[in-house]
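**Student:** Build the full structure now, drawing on both the sequences and the hints.
Chains Y and C are the protein sequences, given in the same order.
Take the position in the first sequence, starting the count at 1, then add 178; the result is the number in our numbering.
Take the position in the second sequence, starting the count at 1, then add 605; the result is the number in our numbering.
Source of the hints: derived by calculation from the structure; they are not laboratory data.
Given the structure is predicted, the values throughout are model-derived calculations rather than measurements.
Quick reminder that beta carbons are idealized off the backbone N, C-alpha and C, glycines included.
All clues stand as given, with none of them false.
The calculated label-pair distances, taken between Cβ atoms and stated as ranges, are: (1) C:942 - Y:194: 37 to 45 Å; (2) C:799 - Y:264: 38 to 46 Å; (3) C:967 - Y:297: 29 to 37 Å; (4) Y:179 - C:746: 50 to 58 Å; (5) C:827 - Y:226: 51 to 59 Å; (6) C:836 - Y:295: 37 to 45 Å; (7) C:974 - Y:299: 40 to 48 Å; (8) C:943 - Y:189: 29 to 37 Å.
Cross-link-like lysine-lysine pairs, in silico, BS3-like; alpha carbons within 25 Å at most: (9) C:822 - C:839; (10) Y:220 - C:969; (11) Y:223 - Y:274; (12) C:969 - Y:223; (13) C:611 - C:839; (14) Y:220 - Y:183.
Listed next, the stretches of chain Y that the computed footprint assigns to chain C, with coverage defined by at least 3 CB atoms under 8 Å from CB atoms of chain C: (15) 198–212; (16) 231–237.
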Amino acid sequence: MRFTKDHEWVQLDGNIATVGVTAYAADQLGDVVFVELPEIGKAVKAGENLAVVESVKAASDIYAPISGEVVEVNAALPDTPETVNEAPEQRGWFAKIKLDNPSEVDGLMDRAAYETYLRSL
Amino acid sequence: MSSELKKTPLHGHHAAMGARMTAFAGYEMPIQFPDGVLSEHRWTRAQAGVFDVSHMGPSFLTLANPSGDPDQDHRRLAALIEPLVSADVASLAPGRVRYAVLLNEAGGMVDDLMIARLPDAAPQRGLYVVVNGATKDGDFAMMAAAAGDAGRLRRSDDDALIAVQGPEAAAVVEAALPGAADLGFMTCGLRTFQDETLVVSRSGYTGEDGFEILAPKAVASRFYHVLIQDRRVKPIGLGARDSLRLEAGLPLYGHDADETVSPVEAGLAFAISKRRLKAGEVRGGARLTEELEGGLDRIRIGLRILEGAPAREGAVIADNTGRPVGRVTSGGFSPTLSYPIAMGFAPPALSQPGLRLNVIVRGKAQAAEVTSMPFVPHRYVRKP
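**Tutor:** In structure tokens form, the structure reads like this:
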């Protein structure tokens with residue numbers, strides 16, 4: 179699993195990356211009550227908006243950690259947004275993205291680097 | 606967090622309970638505790654929540670030269686503050702609390718506030734006035750100027766203002782302050798805790814039964830500790846305070862009302878004294894009278910969002926042809942109802958409950974329905 183400074187995670191399987199938010203991000207967001215997912219087929223660039231999550235109080239953008247095409251979304255999430263808090267790095271995934279360039283993932287942090295980064299915040 | 610932020614007398618408790626803090630009205634305040642906003646909200650509706658609202662502006666207005674006759678002194682005090690506010694203060698009986706609006710010359714809202722006439726038996730009789738935190742400096746300057754040499758305004762900034770809200774609030778407060786539960790909704794009294802005098806009013810900002818208690822700095826921390834030790838109680842942050850007041854249909858000054866908004870537009874006409882308005886004694890009275898007689902361009906409405914994301918402050922409200930007709934002034938997810946709700950302004954012709962409108966969220970039109978407020982029924986405890 180690889181991580182961004184915006185607290186998204188990426189799990190690579192071949193050239194398909196599953197994307198979600200980290201446990202740290204889920205805790206910071208608070209209770210998630212609404213999730214807006216991208217449309218399948220949407221082309222996203224790293225750093226662009228991928229999804230929106232809303233807590234009771236506020237809306238937060240979730241950014242695409244890598245560039246590619248959305249090939250699948252977690253269809254269960256809009257009906258059970260609390261999954262983002264319960265299992266952010268497993269069942270709470272947002273989308274699967276077919277990578278334009280699989281080596282883009284190499285530029286992201288590994289878990290040790292991400293944890294070091296979290297301690298610096 | 607910036608060191609310029611002020612801290613309330615209860616700040617240490619919040620830190621010890623693991624609160625997440627935020628800057629609010631110049632204070633470092635708890636936005637949520639470890640249980641989170643949803644859980645805090647539901648606990649308050651089911652049991653009792655305790656809120657630190659010491660950022661607000663409690664104050665006392667007294668006469669410089671009281672005569673000693675309670676009714677005569679009250680009338681003189683009322684005459685000092687009435688030129689600034691919408692309410693009839695003179696008719697307040699001892700121990701009664703009244704909601705009022707502080708007005709500018711154009712009939713716009715400078716703030717909203719609570720005005721109480723302390724019981725005649727109080728050692729220091731007078732008015733107890735509580736204004737909003739973000740606006741308190743300006744409000745107090747207005748009040749002090751209006752009172753002039755005849756009145757004395759004493760701010761209570763260093764004390765703690767604590768709200769206890771929820772169906773168990775009366776039992777919790779009665780246990781800490783015997784006799785407090787004798788008060789009915791919108792009445793106030795003085796109670797003693799460890800030789801200090803607390804001002805207790807049965808009022809709040811959640812729609813639940815509850816109390817707002819001014820505790821002097823000397824006992825604030827100990828009094829809060831007694832409340833929080835009660836198993837029926839949890840500490841509640843500003844996040845849940847906002848979702849609770851939204852469900853209760855209560856406006857938040859600075860969002861649902863400002864200097865351009867009149868109390869009639871804000872749906873607060875009940876706070877205007879019809880007697881004083883008719884007598885020409887209310888600031889901006891010409892505008893308020895015209896609006897009450899039907900000359901109203903916009904009014905605060907409640908919306909149930911029927912599909913999609915919560916509509917937040919600033920979202921455009923459109924009619925069913927897509928024409929913009931107003932804006933959302935506060936909105937969010939209702940934990941009690943499990944769907945998003947919002948308040949905003951729209952023309953009176955579009956304010957009828959049941960009417961379908963749209964809210965525009967991130968460029969998308971979502972169906973919404975005009976709903977009467979409160980969204981969640983009030984459960985105030987009135988006494989004869």
